[in-house]
Amino acid sequence: MRIAATMLLTLFVALPANAQAPVSFTNEVVPIFSKLGCNTGGCHGKLEGQNGFKMSLFGFEPAEDYEYIVKDAFGRRVSPGNAESSLLLLKATGQVLHGGGARFSLGSPEYRTVLRWIEQGAQPARKSDPVVVRIEVSPRERVFTGKIEQQQLAVFAHFGDGTKKDVTNLTQFETSQQRIAEVSANGLVTKNSDLGSAAIMVRYQTFVDVFRATVPFGGKVASLPPAKNFVDKLVFKQLETLGLPPSDVCDDTTFLRRVTIDIAGRLPTKSEVETFLADKSDERHDKLVDRLLASKDYADYFALKWGAILRNRRNAATDNPAPTKAFHAWIRDSFIQNKPYDQFVAEILTVTGAEGTNPPVVWYRELREPAALMEDTAQLFLGQRLQCAKCHHHPFEKWTQGDYWGLTAFFSQTDVKLPTPAKKGKKGEPQVDATKFTAVVQKAGLATVVHPRTKETLHPTPLGGQPIANSADVDPRKALASWLADKNNPFFARTLVNRYWKHFFRRGLVDPEDDMRLTNPATNDELLNALAQHFIEHNYDLKDLVRTLCTSQVYRLSSVPNKHNTPDTQYFSRFYPRRLNAEVLLDAIDDVTLAKTVFKGMPDGTRAVQLPDNQVESYFLSVFGRPDAASPCECERGSDASLAQALHLFNSEELQEKIAGKGSPQAAEKQKEMKAKKNAPAPPGIAVKNGGTRVAQLVSDKRPHEQKLRDLYLVAFAREPSAAERAALLAHIDRRPDDLHGAYAAIIWAILNTKEFQYNH
Amino acid sequence: MNRREFFFVGGAGMFGLSMPQLLQAQAARQNAPARQMIVIWLGGGPPHQDMWDLKPDAPAEIRGEYRPIDTNVPGIRISEKFPRLARLADKFTLLRSVGIGNERWEHGGGQYWLTGNPRRTGVTAAWPMYGNTVTKLRTPPRDVPAFVAFGDIDNHAYGLKTNFFGPAYDPIVMNSVGDQGRDETRDMLLPAPGLDLSQFERRTELLRSLDTQLNDIAAADPIISGLDRFQQTSFNLLRSPRLREALDLTREPTQAAARYGANPHGRRVLAARRLVEAGVPFVYTHFESNWDHHGQNFRACNSKLPNLDNAVASLIEDLDQRGLLRTTIVAVLGEMGRTPRINRESGRDHWGTTQSVFVAGGGFRPGTVVGATDRHAAYVVDRYYKVESFGRTLYHLLGIDPDQTVHTLEGRPMRLIAENAPLIREAIV
Chain A
0 MRIAATMLLT
10 LFVALPANAQ
20 APVSFTNEVV
30 PIFSKLGCNT
40 GGCHGKLEGQ
50 NGFKMSLFGF
60 EPAEDYEYIV
70 KDAFGRRVSP
80 GNAESSLLLL
90 KATGQVLHGG
100 GARFSLGSPE
110 YRTVLRWIEQ
120 GAQPARKSDP
130 VVVRIEVSPR
140 ERVFTGKIEQ
150 QQLAVFAHFG
160 DGTKKDVTNL
170 TQFETSQQRI
180 AEVSANGLVT
190 KNSDLGSAAI
200 MVRYQTFVDV
210 FRATVPFGGK
220 VASLPPAKNF
230 VDKLVFKQLE
240 TLGLPPSDVC
250 DDTTFLRRVT
260 IDIAGRLPTK
270 SEVETFLADK
280 SDERHDKLVD
290 RLLASKDYAD
300 YFALKWGAIL
310 RNRRNAATDN
320 PAPTKAFHAW
330 IRDSFIQNKP
340 YDQFVAEILT
350 VTGAEGTNPP
360 VVWYRELREP
370 AALMEDTAQL
380 FLGQRLQCAK
390 CHHHPFEKWT
400 QGDYWGLTAF
410 FSQTDVKLPT
420 PAKKGKKGEP
430 QVDATKFTAV
440 VQKAGLATVV
450 HPRTKETLHP
460 TPLGGQPIAN
470 SADVDPRKAL
480 ASWLADKNNP
490 FFARTLVNRY
500 WKHFFRRGLV
510 DPEDDMRLTN
520 PATNDELLNA
530 LAQHFIEHNY
540 DLKDLVRTLC
550 TSQVYRLSSV
560 PNKHNTPDTQ
570 YFSRFYPRRL
580 NAEVLLDAID
590 DVTLAKTVFK
600 GMPDGTRAVQ
610 LPDNQVESYF
620 LSVFGRPDAA
630 SPCECERGSD
640 ASLAQALHLF
650 NSEELQEKIA
660 GKGSPQAAEK
670 QKEMKAKKNA
680 PAPPGIAVKN
690 GGTRVAQLVS
700 DKRPHEQKLR
710 DLYLVAFARE
720 PSAAERAALL
730 AHIDRRPDDL
740 HGAYAAIIWA
750 ILNTKEFQYN
760 H
Chain B
0 MNRREFFFVG
10 GAGMFGLSMP
20 QLLQAQAARQ
30 NAPARQMIVI
40 WLGGGPPHQD
50 MWDLKPDAPA
60 EIRGEYRPID
70 TNVPGIRISE
80 KFPRLARLAD
90 KFTLLRSVGI
100 GNERWEHGGG
110 QYWLTGNPRR
120 TGVTAAWPMY
130 GNTVTKLRTP
140 PRDVPAFVAF
150 GDIDNHAYGL
160 KTNFFGPAYD
170 PIVMNSVGDQ
180 GRDETRDMLL
190 PAPGLDLSQF
200 ERRTELLRSL
210 DTQLNDIAAA
220 DPIISGLDRF
230 QQTSFNLLRS
240 PRLREALDLT
250 REPTQAAARY
260 GANPHGRRVL
270 AARRLVEAGV
280 PFVYTHFESN
290 WDHHGQNFRA
300 CNSKLPNLDN
310 AVASLIEDLD
320 QRGLLRTTIV
330 AVLGEMGRTP
340 RINRESGRDH
350 WGTTQSVFVA
360 GGGFRPGTVV
370 GATDRHAAYV
380 VDRYYKVESF
390 GRTLYHLLGI
400 DPDQTVHTLE
410 GRPMRLIAEN
420 APLIREAIV
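These protein sequence lines map, in sequence, to chains A and B.
Everything in the first sequence is counted per numbering that gives the first Met the number 0, starting at 0 for the first residue and increasing by one.
Everything in the second sequence is counted per numbering that gives the first Met the number 0, starting at 0 for the first residue and increasing by one.
Worth flagging that the hints you see were computed from the coordinates, not collected in a lab.
Since this is a predicted model, take the numbers as computed values, not measurements.
It is possible that part of the hints are untrue.
[What the hints assert, rightly or not] Derived DSS-like pairs: lysine-lysine, alpha-carbon spacing no greater than 25 Å straight-line:
# : chain 1 : residue 1 : chain 2 : residue 2
1 : A       : 501       : A       : 486
2 : A       : 389       : A       : 442
3 : B       : 160       : A       : 599
4 : A       : 435       : A       : 423
5 : A       : 45        : B       : 385
6 : A       : 163       : A       : 397
[Claimed, not checked] Listing some non-contacts, in silico: residues in chain B with all C-beta distances to chain A over 10 Å:
#  : residue
7  : 32
8  : 74
9  : 289
10 : 297
11 : 382
12 : 405
13 : 425
14 : 428
Where a beta carbon is used, it is the ideal one built from N, C-alpha and C, also for glycine.
Bound-form chain A, shown alone (with noise of 0.2 Å):
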């Protein structure tokens, strides 16, 4: 049996008003076409319609509205003197054909509404009509517990005037995660198969709000790591009342691979392994995260990370990589200095001058408009994706195409001057000379951007603020970076916070991490807040930061599942394992075969992760989804697996070559076979690459197996073999006596293989 958690709030259903007041277009009856998905934008709320019948956006705007509807197609839609065979309702109730087949039935409460409105004369919106301030869903939030299953939802309109009224009937209601909890067209929430926790976003007018059902998992948290800070108090408070107990604590050598992974982008070595399960203090983890923390790797990881979203990144391998080169350095050196986090924003914000000697300006020559400008500042920065709001309001924000153009304006007065060649003079005019580099000049003149659909004069403005004091003599963007650095902003640190805790958990607490809507709710917010405070109470110091996230007990757990928490991808009461990223794969593989990529134009010994920008060719970066740097959007590096992946780890030239090294019969045979294709290049855009001399290493080395063998697995696994792994292995060496070289090269075969190896766990 079902039971509703709220039986009280199923009863407010359309009751028929009173049958003379009059209906107003915009709280009553455009909201009628959107819940039923008339204006929707595969239907006739795209641009040009649908069968030649247009309607806005979500009905975003109801004076357009009443145009398309009333006015347009000589008012052949409704007829207020026969009002029950306008086209309107004929087409909606499917008494005339109608592509989208009937929306409503005769005499429903719909039909009823519009069948009114249209008899009172079709009247547009009134200036008496009640103006919505908000809404508001009620209740907030419901945990399935014990039997219950259903939750009715209940929306109030606020309006104006102050009055409140029941518009659940006239709601659009949409689920985050169907598998968790299902919504009715009524409001009506069940739960699932699934646990964990589904956001419901219900809309009325441009008004949206959210509703969070969660499903617990019904395990008991019998025991806890001890806390070690604030990160895991709040997460260790939230898996008690989801009961869902975490895995354990992971093992020494496991947490070394991890961080060492995560903040520098690179194994650990041997002899970082052998040190760290030498040393017994409790403090070993901290100094472990201080030490990486203090290294260049991390410089580089980071900057290679943040590299990839500000975009820095040339069109072609031609193209002059002077300038993405001193980008990547400057971004690199922040890192190392550990330049505050609102500092290094503002320097890319404000920048001015020609790119190369001010290097950020390489994220203007890729955005070049006002409008590009400030749709990466708000996803990159803010976490706020803006691009619905240039054309219509935002279908599930607050955001307004006037909270669009008013934060645009900020970079209105920005000019990016593109490099131009040399032009010959016309008559009597001197010759204009080339310019060689990209460059950022803040125009003179009042910055400011005419809102495209109501033609007002549009002052720059911050995101849910009030427009700045604006004076031709004060570029704008620095009033910009103040705002962001301001502690009261709302988004800033929240989005950065977050984006690191996906960088180190893989899921971010608002994930995607870039699409911090109101209708996207954090799965631990209290966390999200604390987190933010926390960054801006130790000045933006990504350091600090990072060490906080590591040496919580939360990042230790193991990725060992429990018997309750197999289904947990939201609440972190296990790390998640996720797949090396290109460069730090392609290094991996260099550190265990010894071989060394080489990359054209880079100097001897450059690694994956230092390389500058996207246009170093490697076919293995490419086919292992290095980023493209053309969005502001970490989603842009592929983490899926491929068949092309799969198949070079089997069988690529150029993993046999790293494995088996030159001067082995493989890359001898090769060779030959090579002159008999009369030394065919090779195809464009893989790398020039060396054999490895591992395999030729371990075969002359006179050590036992089992030392040898030991050796391999801390470089490749940061741990021993167990002793079922040893007795495959040297089984598997034992098979083959007289082929030494060939053994161990399919023992790092194999390793190279593994999902162990792949994987950061």
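Got chain A sorted already, so can you dock chain B onto it with the hints?
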């Protein structure tokens, strides 16, 4: 563990598709006529009026140098440069009234035509190509890849190398086939030199015994199970001779191969046929790399059109003879047409308004011409269909619902083909 066990190990159950998705896809497919598809891409924009839609009565500066010839279907006439195809008109379909409908796309139209959506790099969502979609929504074959591409996938269609499905559904790309050049991908299909197959199988057994970590969460993690699945397919590819043999053109009788033309483009089309025979669902190849004839159009066509005639006619004949044409779509197209008026350089310029598309097999109605252009092959006068109609018709024939919602990497829901447009009913059986 024995060999047989190894072949069937691997975490992923349903190949990454959810159960309802899979059932839905299967249901739609049962009645779908097309199971496979070959795209022959004429990047740069081929001159429709010199190939498929000739206007012999137009003034010389429009009609150009070629005369139309009769085909084996009364009333259908094509360029005199296509004598072999002229004997096969009862096997193919010409769409003469398709186009983007404006001149705002130029070469960018390649993205539009190959995805069925008005896709612009960095501006709109990055819709997948038909081949990516087939790879994602269909159960993949066991020992051949789902999607093979010869040469640059974004030939005159910059940006097509990535799409919002992510790299898991990308094609296996080969730069050359059946000629002297090396190819990194093709080389991967052969066991490494000095490493015979039995040694390779021993290696994989060793791998199984070492690869014991993370298995307990593989079922819950699509990326981890994906890795297992692709390793499995890689192993199958290496173990099974099917793909290797399909790509080994020396196995083709010399006479038969010669019919495709002794040039790399003809060889790719031959390889495409062999891949389809081996069960590869989707093959893309570009044919000649530059159809952008702003100058010397006829000199270029004098060499390209006979090659195209030989390759496409041989392909149609062979697929038909093997009974595969019924279930295999062949599409020959570029990103736009060319201007009616020949310019001072004897070239034709960009014309996105109208073009012609050649299709055959897989449920297209053979021996048919759809639509017509005016007397200068400039504007459609009968049955205009935009690109979306073409894309929807392809998906329809392949049993894929073009209205289904798919998700971008960022999680944004998108319709597979965003715009509504009618199917090209006249073109299908």
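- Task: Mind checking the alpha carbons of residue 160 (chain B) and residue 599 (chain A) for me, to see if they're no more than 25 Å apart?
- Result: OK: residue 160 (chain B) and residue 599 (chain A) at ~22 Å, within 25 Å.
- For the pair supplied as a hint, residue 389 (chain A) and residue 442 (chain A), confirm whether the alpha-carbon distance does not exceed 25 Å. Holds: residue 389 (chain A) and residue 442 (chain A) sit about 24 Å apart, inside 25 Å.
- Message: Hint check: residue 501 (chain A) vs residue 486 (chain A), CA-CA at most 25 Å. Holds or violated?
- Response: holds (22 Å)
- Find the nearest Cβ of chain A to the Cβ of residue 425 (chain B) and say whether that gap is larger than 10 Å. Correct as stated: the minimum Cβ-Cβ distance to chain A is 21 Å, above 10 Å.
- Query: Does the no-contact call for residue 289 (chain B) survive, Cβ to all of chain A over 10 Å?
  - Reply: holds (18 Å)
- Message: Does residue 405 (chain B) clear chain A by more than 10 Å, comparing its Cβ with all Cβ atoms of that chain?
- Response: holds (13 Å)
- Query: Are all C-beta atoms of chain A more than 10 Å from that of residue 297 (chain B)?
  - Reply: holds (32 Å)
- Taking the closest pair, is the beta carbon of residue 382 (chain B) still more than 10 Å from chain A? holds (18 Å)
- Message: Verify this label for me: residue 428 (chain B) is non-interface relative to chain A, using a Cβ-Cβ cutoff of 10 Å.
- Response: Correct as stated: the minimum Cβ-Cβ distance to chain A is 25 Å, above 10 Å.
- Item | Given as non-interface: residue 32 (chain B), which should sit over 10 Å from chain A by C-beta | The claim holds: residue 32 (chain B) sits with its nearest Cβ about 26 Å from chain A, beyond 10 Å.
- Within 25 Å, alpha carbon to alpha carbon, are residue 435 (chain A) and residue 423 (chain A)? holds (16 Å)
- For the pair supplied as a hint, residue 45 (chain A) and residue 385 (chain B), is the alpha-carbon distance within the 25 Å limit? holds (17 Å)
Every hint, counting from the list given before, is met by this structure.
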